[in-house]
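**Student:** Sequence:
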Amino acid sequence: MRQINNIIEDIDISVTNLKYFENSLALRYQEVSKFDKFSFVEEHERIVLFSNPNMIHRAICPYKTYVSKPQIKLGVGYVEDGNPLLHLIANRRTKRLYKDYKISTVELYKILHYSYGITGGAKVRGKNEIWHYRAVPSGGALYPLELYVYINKASIKTGLYHYRPDSDSLEFIDENMKIEQLKPNIACGNIIMEECSCIIFITSLFQRSMIKYAERGYRFILQEVGAVCQNISLICESLKLGSCILGGYIDDNINSFLKVISPVETIQGIIVIGKN
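Residues in the sequence shown are numbered consecutively from 1, following my numbering.
If you are wondering where the hints come from, they were derived from the structure by calculation, not from laboratory data.
Computed from a prediction, not measured in an experiment: that's the story for all the values here.
A couple of the hints might just be wrong.
Claimed, not checked - Derived DEER-like restraints, expressed as beta-carbon distance ranges:
1) Ser39 with Gln181: 17 to 23 Å
2) Thr65 with Ser39: 32 to 38 Å
3) Gly126 with Cys61: 50 to 56 Å
4) Glu180 with Lys99: 16 to 22 Å
5) Ala90 with Tyr66: 44 to 50 Å
6) Glu45 with Asn83: 42 to 48 Å
Just so it is clear, CB atoms sit at the ideal spot from N, CA and C, and this is done for glycine as well.
Sequences and hints are given; from them, build the entire structure.
**Tutor:** Laid out in structure tokens, this is it:
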């Protein structure tokens with residue numbers, strides 16, 4: 001019986017079969033770069049040390065210069081033409097303090113649909129099926145990410161939801177999840193999440209991308225996370241909402257909060273949203 005199970009596992013190409021990736025360097029990196037409660041504290045101490053004047057002086061000019069090479073000045077003669085997208089990009093800033101504000105379902109729709117919802121599609125060659133597309137570039141259009149939303153202040157119930165891009169709806173997972181459970185597991189959680197309206201969690205299912213692109217697929221996943229974060233950030237700016245993208249969190253505790261099983265699915269990004 002055991003031999004039969006091994007054979008079944010070998011031929012299983014579903015997104016939940018990790019056998020193909022058991023020696024994956026990408027997944028090893030994902031595991032060793034996680035924060036636990038000890039490394040989380042160590043990271044905080046390292047960040048505090050970064051605040052010394054020498055480090056700040058070094059960090060305020062994050063670009064290379066070729067001082068002996070000629071320069072061609074860009075934008076000469078350009079006059080602002082009122083392009084709203086360029087205005088949003090130029091004015092986007094991280095916001096960490098929020099007012100008491102109930103986010104609406106319309107605002108949630110705009111944030112979720114235009115960041116990672118289905119915005120188009122094309123017929124699969126030789127098939128009667130439609131391959132759906134979204135508003136971000138995705139390696140092979142495989143879309144390995146999932147979005148979860150913790151509603152803190154809104155016109156709908158407080159609790160944890162999962163975003164369904166095919167129906168533009170929120171699936172209500174758990175109303176018993178409390179923001180107090182999150183705060184100790186997220187850097188500066190007590191400050192940033194105090195009056196927030198909602199928190200968006202981005203997870204990835206590695207196999208969706210890596211089943212086709214192997215180790216390189218991990219890079220594609222990270223690129224996609226960045227694109228979704230940028231979309232959410234700009235959409236919030238357009239709605240006069242503030243947003244803050246967070247990178248410091250205890251991975252396994254956040255995974256448990258979301259009820260996902262690592263390494264099949266794991267947290268890749270957190271965005272706090274509120275009225276600034």
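**Student:** So, against the hints stated earlier in the document, which numbers end up violated here?
**Tutor:** Per hint list: single violation, 5.
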